[in-house]
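Novice: Input sequences plus hints: build the corresponding full structure.
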Amino acid sequence: MARAVADYVYLYELLMDKNVENQTLEHVSNIVQKRFSKADYLSVGTLLTALIRNGDLPGIIQKITAYYVIYDLFKVDGQNETPFLTVFLHVIEQKEVISKVNVIEKNFVAQLLSPGGAKELAKQTPGHILTQDIMKMNVDFTALKVQNYERQKELPTTVKSGLMNIVPAPTATPTENSVLEMMEGYVKYETPQKSVFTPQFMTIAPPLLEVEDELIWFDFTNPAWHKPMYDTTISSPNIVNSDAKRLIALAFNEALNIQDRQLLLGELEKDPNIVYHIGLTPAKLPDLVENNPLVAIEILLKLMHSTQITEYFNVLVNMEMSLYSMEVVNRLTTSVDLPTEFVYLYISNCISTCETIKDKYVQTRLVRLLCVFLQSLIRNKIINVKELFIEVEAFCVEFSRIREAAGLYRLLKQLEIGEPTVSTTPTKSKE
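Position one of the sequence shown corresponds to residue 1 (this note's numbering), numbered consecutively onward.
Keep in mind the hints are simulated off the structure, nothing from the lab. Just so it is clear, the structure is predicted and the values come from calculations on it, not from any experiment. A hint or two may mislead.
Okay, derived cross-link-like pairs now, DSBU-like style, lysine-lysine, Cα gap no bigger than 35 Å in a straight line [to be verified]: (1) Lys34 - Lys119; (2) Lys360 - Lys270; (3) Lys270 - Lys284.
Specialist: Take a look at the structure:
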C-alpha cells in the first residue's frame, strides 16, 4: 500500500516538474511505463483522468502531457482501443470555448486521435506545442464515436452514465501540499461500507420525566418480539387424511378389501381436495388402475378440473391394455365428457396391441374385450364411429373368426346403411 502511494505521488511530481516542458512527450511516457507495470496502467489512466477532469493539474502543459501518457499507455492494443476514449471524445465535443488554453487542449486531443497524429506529437515537447499556430483540426471522428457508442451499450447503466464517484471540492486556491494530500486519498483502499455517502441518522432523546400522554418508544433491540410465527398446522393433513394416505399407498400394491375401499371412497366423498395430498402422481396411476380400478375411477373424477388431468389421461392412454384399464375408460366416458382425441387414441392403441401380440389365447381374450368395449361406446353414442370406421372395420375383418368381432362388424354395417341400434347401459365390472 505504501509503495502504491509513493508511486502515484511520484507520477504527480513528474507532471509538476519544471523540466517537463522541455522533455518530449514520448520521453515522459517512457518514464511512466518503466515506473509502473502493465497491470497498473488502468489505475494510472484513471488517476490522470480524475486529475484532469477535477482541475487538479494547474497548467495546460501538465494537461497535454497527461493526455499523451493516457493515450500512449494503451497504444499497443491499437490507437482506438484505449478504455478512456470517452474522455478524449468529451474534450473534442466541447462547444463552449472559454480561452485560448481550451482551444489548445481541444486541438491537441483531436490531433492525438487523428491517424498518424500521435506519432508526430511523440517527438515534440509541450513547450514547442504551445508555440505553434492554432489551427482548427478538420478530422472526422464519426467512426470513433460509433465504436465508443457500441462499447458503451455493453456497460452497466451505472458505468455508462459517466458519473464520477468523486465529489467536486469547493473552489479554492490549490496548494502543492493540498494536492498531495488529495493524491494520497485517491489511492487509499477503504472498505465498501466507508466508501458510500450514508447520511447520519440522529435519534431524538426521549423525555426524562413521566408525563401524561407520554410518547411510547419502540424497542427493536430484540427482533424475536416482532418475529412472525408460522402456523405449522396450516395445510397439514389431519388424522383422516393420514388414513387416506395410508390406504392409497396400500392400493398401489394390492387390492383393498371392501371395508378399506369403502373407507377410502368415503373420505374422498367428504373432502374431494384430499386427492391432491395423498401421494398420487401420474406415474403411479397404472398400479392403481390394475389393483383398484373403482378407486382409480373416483380419484380421476375428482381430478377432472386439475391442471394435471392431461398428464393422467396420457398415462392412461399409453398404459398396457387390460380389462381394468378398459373399465376405467368406459366409466369415465359415461360420467364426464372426455376429450375426443383421448378416446380415439386409446382405441387406436388397443387395436395396435391386439394386432401385435403373439400369444393367441391372450390375443383372443383382448380382442373380445375390445369388441365389447367398442360396442358399448357405439350403442351409447359416446364416439362417432365414422371417425374410426376404416380402422375398426379392418380390425373386425382381421379377427372375423372371433364371435365378438363378427358382431361388431355387423353393428358397423347396420350403422352404415342407417338401421337403428339398441342402446344398452354398460354393466359394471366386478373388481
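Novice: All hints are to be evaluated individually against the structure, with a verdict given for each.
Specialist: Structure-based check of all given hints:
no.	hint	in the structure
1	Lys34 - Lys119	holds (20 Å)
2	Lys360 - Lys270	violated (46 Å)
3	Lys270 - Lys284	holds (23 Å)
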